[in-house]
Amino acid sequence: MKKESLGIIDAQYFTFAEPPRRLKLQSGRSLGPVTLAYETYGTLNDKKTNAVLVCHALSGDAHAAGLSPDDKTPGWWDGMIGPGKALDTRQYFVICSNVIGGCKGSTGPSSIDPETGKPYALDFPMITIADMVEAQRNLIDHLGIEKLLCVIGGSMGGMQALQWASAHPDRVLSAIPIATALKHSPQQIAFNEVIRQSIMADPAWRKGYYYEHGQPENGLAVARMIGHITFMSDQSMEKKFSRKLKKENLSFQFTDDFEVEGYLRYRGYNFVKRFDANSYLYITKALDYFDLSGDSFLAEIKKTTVRFLVISFKSDWLYPPYQSQEIVRLLKRKHGYTTYSDLTSTYGHDAFLIEVEDETRLIKNFLAHIPQN
Amino acid sequence: MKLDHQIIADVITEEAHVLDLGCGEGELLAYLRQQKKAQVQGIELDEDQMHACVVKGLTVLQGDIESGLVDYPDACFDYVILNQIMQEIRKADFVLQESLRVGHRVIVGFPNFAHWSVRLALTFSGRTPINDALPYYWFETPNVRFLSIRDFIDYCKKKDIRIEKQFFLGKQGTISFLPNLLAQNAIFVISKK
Numbered sequence: 006m007k008k009e010s011l012g013i014i015d016a017q018y019f020t021f022a023e024p025p026r027r028l029k030l031q032s033g034r035s036l037g038p039v040t041l042a043y044e045t046y047g048t049l050n051d052k053k054t055n056a057v058l059v060c061h062a063l064s065g066d067a068h069a070a071g072l073s074p075d076d077k078t079p080g081w082w083d084g085m086i087g088p089g090k091a092l093d094t095r096q097y098f099v100i101c102s103n104v105i106g107g108c109k110g111s112t113g114p115s116s117i118d119p120e121t122g123k124p125y126a127l128d129f130p131m132i133t134i135a136d137m138v139e140a141q142r143n144l145i146d147h148l149g150i151e152k153l154l155c156v157i158g159g160s161m162g163g164m165q166a167l168q169w170a171s172a173h174p175d176r177v178l179s180a181i182p183i184a185t186a187l188k189h190s191p192q193q194i195a196f197n198e199v200i201r202q203s204i205m206a207d208p209a210w211r212k213g214y215y216y217e218h219g220q221p222e223n224g225l226a227v228a229r230m231i232g233h234i235t236f237m238s239d240q241s242m243e244k245k246f247s248r249k250l251k252k253e254n255l256s257f258q259f260t261d262d263f264e265v266e267g268y269l270r271y272r273g274y275n276f277v278k279r280f281d282a283n284s285y286l287y288i289t290k291a292l293d294y295f296d297l298s299g300d301s302f303l304a305e306i307k308k309t310t311v312r313f314l315v316i317s318f319k320s321d322w323l324y325p326p327y328q329s330q331e332i333v334r335l336l337k338r339k340h341g342y343t344t345y346s347d348l349t350s351t352y353g354h355d356a357f358l359i360e361v362e363d364e365t366r367l368i369k370n371f372l373a374h375i376p377q378n
Numbered sequence: 257m258k259l260d261h262q263i264i265a266d267v268i269t270e271e272a273h274v275l276d277l278g279c280g281e282g283e284l285l286a287y288l289r290q291q292k293k294a295q296v297q298g299i300e301l302d303e304d305q306m307h308a309c310v311v312k313g314l315t316v317l318q319g320d321i322e323s324g325l326v327d328y329p330d331a332c333f334d335y336v337i338l339n340q341i342m343q344e345i346r347k348a349d350f351v352l353q354e355s356l357r358v359g360h361r362v363i364v365g366f367p368n369f370a371h372w373s374v375r376l377a378l379t380f381s382g383r384t385p386i387n388d389a390l391p392y393y394w395f396e397t398p399n400v401r402f403l404s405i406r407d408f409i410d411y412c413k414k415k416d417i418r419i420e421k422q423f424f425l426g427k428q429g430t431i432s433f434l435p436n437l438l439a440q441n442a443i444f445v446i447s448k449k
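Top line first, the protein sequences correspond to chains A and B. Count along the first sequence from 1, then add 5; that gives the number in the numbering used here. Count along the second sequence from 1, then add 256; that gives the number in the numbering used here.
Derived from the structure by calculation, the hints contain no laboratory data. Please note that a few of the clues may not be correct.
Said to hold, decoys possible - No more than 25 angstroms apart at the CA atoms, straight line, and that leaves these computed lysine to aspartate or glutamate pairs for DMTMM-like:
{"hint": "1", "chain 1": "B", "residue 1": "427", "chain 2": "B", "residue 2": "388"}
{"hint": "2", "chain 1": "A", "residue 1": "307", "chain 2": "B", "residue 2": "334"}
{"hint": "3", "chain 1": "B", "residue 1": "414", "chain 2": "B", "residue 2": "349"}
{"hint": "4", "chain 1": "A", "residue 1": "307", "chain 2": "B", "residue 2": "327"}
{"hint": "5", "chain 1": "A", "residue 1": "369", "chain 2": "B", "residue 2": "281"}
{"hint": "6", "chain 1": "A", "residue 1": "308", "chain 2": "B", "residue 2": "266"}
{"hint": "7", "chain 1": "A", "residue 1": "308", "chain 2": "B", "residue 2": "271"}
{"hint": "8", "chain 1": "A", "residue 1": "369", "chain 2": "B", "residue 2": "330"}
{"hint": "9", "chain 1": "A", "residue 1": "319", "chain 2": "B", "residue 2": "303"}
{"hint": "10", "chain 1": "A", "residue 1": "188", "chain 2": "B", "residue 2": "327"}
{"hint": "11", "chain 1": "A", "residue 1": "307", "chain 2": "B", "residue 2": "271"}
{"hint": "12", "chain 1": "A", "residue 1": "307", "chain 2": "B", "residue 2": "416"}
{"hint": "13", "chain 1": "B", "residue 1": "347", "chain 2": "A", "residue 2": "331"}
{"hint": "14", "chain 1": "A", "residue 1": "109", "chain 2": "A", "residue 2": "253"}
{"hint": "15", "chain 1": "A", "residue 1": "319", "chain 2": "B", "residue 2": "327"}
{"hint": "16", "chain 1": "A", "residue 1": "369", "chain 2": "B", "residue 2": "349"}
{"hint": "17", "chain 1": "A", "residue 1": "369", "chain 2": "B", "residue 2": "302"}
{"hint": "18", "chain 1": "B", "residue 1": "292", "chain 2": "B", "residue 2": "330"}
{"hint": "19", "chain 1": "A", "residue 1": "319", "chain 2": "B", "residue 2": "388"}
Just so you know, these numbers come straight off a predicted model, no measurement behind them.
Produce the complete structure using the sequences and hints provided.
As structure tokens, then:
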């Protein structure tokens, strides 16, 4: 089958929860107005039964596929979304929105607070995965979609897929959580805490109110470097960098002698240009707060009819396969008909963005057989 | 269509809920879904075989059988199938008991270790038998359990398990005469008393 690009995709915006009808948040606080940036690919059919919601990970955005209008950057999951691809846009209407708390067009800490005329900064309320999904539900309502054919995502996107299926089982026919978990382990929380501390330890963070002065560049870059280490595996790092040097000889100074050091610095400082430090704090906290373990998953339901495809990767040590197997275990208790694949890959957590071929085979065939009563 | 699959398919009722343990590439499940409109779930450890099931549009979990059953509620399947897999399971008793818990009926198919060719090979050549139903050398066999038809019947008696149906398979078709000597494979339909 011929695979084509979707071409230039323009972002769209949906604003809701205008005061006084603010969006109620899990923390008890509220937020409004709320804007969601989103993109769509393909065409919604007349019965509105072919919609697939793609949820992005920590640093992702609404630009999942096609090319951005300004610099022609391909979307973060362009290999998976488009004509002839896993989420075939000749068949499905694919939606991806930026999460609330983010910094890519949706309302987040860097957005202007209409009450003060200044960025919210740390006055922005704490948000959770459930809040992100609640905001998405408003968008799906706005698009007139009663039932999503599928909610899919990797990592934090997978948590949103789990949240959707659990909170709105009547509005989801299937869910595909990839490389994700029902809750963060202490190890995952610990990494996130070090990430947050490295941002907050940078004096340029100014307790969150830095917008007039510029980003806490060093803190955010270090935060992202920690992230990148956890996204790779020992094996993938060995293959990519080994102990290769950037120059011929050791410098005997604290410069980036090794290629891996250069890579981390490059990725870290590049990230500063495209991501807001406070958004990184808020979203990592949302990840840590998420907990659908035990009885809270599909709480009201004895026998689930939502079809699940759960995918993990053998070398993923950030979201190890046992966490996906825990999802499968809970689905069995709900007598769920479930497909689970623990894919062989050496790419670690990054695999969900890289292993396009294996994921395509699973997802394409899974979606083609969703019973549509 | 393989004879054992045909026998199992004939046993299974229309629109039944079926769990196949060690479902391989899912030929049987695909057939049951198509012919019996069965609601099917497979469990398979092998990644390639599991993917072959997904390509057929089957619902299948990648995982091992011994830990695969514990989380299912009681009696949530009409049939649990253990076809040509029991001889590879270490905790055979546990898996059979768990299968009887999660399924109303359990269908068990296995090679008969008391077939005359097995007896001859052991007695006269003094070597581990190799035949159509047991086609492996000792150093490459996945089998860890060797049982005969009589062994299985004894087991059911001892554990107070009801044998609802039994089929004995020869090379050409089913047989009824001296099954423990002449049948290469057996299929039992069992349930809790």
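Verification of the supplied hints:
1. B:427 / B:388: Roughly 9 angstroms separates the two Cα atoms, so the pair holds.
2. A:307 / B:334: holds (18 angstroms)
3. B:414 / B:349: holds (12 angstroms)
4. A:307 / B:327: OK: residue 307 (chain A) and residue 327 (chain B) at ~13 angstroms, within 25 angstroms.
5. A:369 / B:281: Holds, at about 18 angstroms.
6. A:308 / B:266: The hint is violated at about 28 angstroms.
7. A:308 / B:271: holds (17 angstroms)
8. A:369 / B:330: Given that 25 angstroms is the threshold and the Cα spacing comes to 33 angstroms, the pair is violated.
9. A:319 / B:303: The given pair, whose Cα atoms are some 12 angstroms apart, holds under the 25 angstroms limit.
10. A:188 / B:327: OK: residue 188 (chain A) and residue 327 (chain B) at ~19 angstroms, within 25 angstroms.
11. A:307 / B:271: holds (20 angstroms)
12. A:307 / B:416: Given pair residue 307 (chain A), residue 416 (chain B) is violated - Cα atoms ~31 angstroms apart, limit 25 angstroms.
13. B:347 / A:331: Roughly 22 angstroms separates the two Cα atoms, so the pair holds.
14. A:109 / A:253: Violated - the C-alpha atoms of residue 253 (chain A) and residue 109 (chain A) are around 41 angstroms apart, more than 25 angstroms.
15. A:319 / B:327: Judged against 25 angstroms, a Cα distance of about 22 angstroms means the pair holds.
16. A:369 / B:349: Since the Cα atoms of residue 369 (chain A) and residue 349 (chain B) sit roughly 38 angstroms apart, the hinted pair is violated (cutoff 25 angstroms).
17. A:369 / B:302: holds (20 angstroms)
18. B:292 / B:330: At roughly 23 angstroms apart (the allowed maximum being 25 angstroms), residue 330 (chain B) and residue 292 (chain B) satisfy the hint.
19. A:319 / B:388: violated (36 angstroms)
Going down the numbered hints, you'll see the structure goes against 6, 8, 12, 14, 16, 19, while the others check out.
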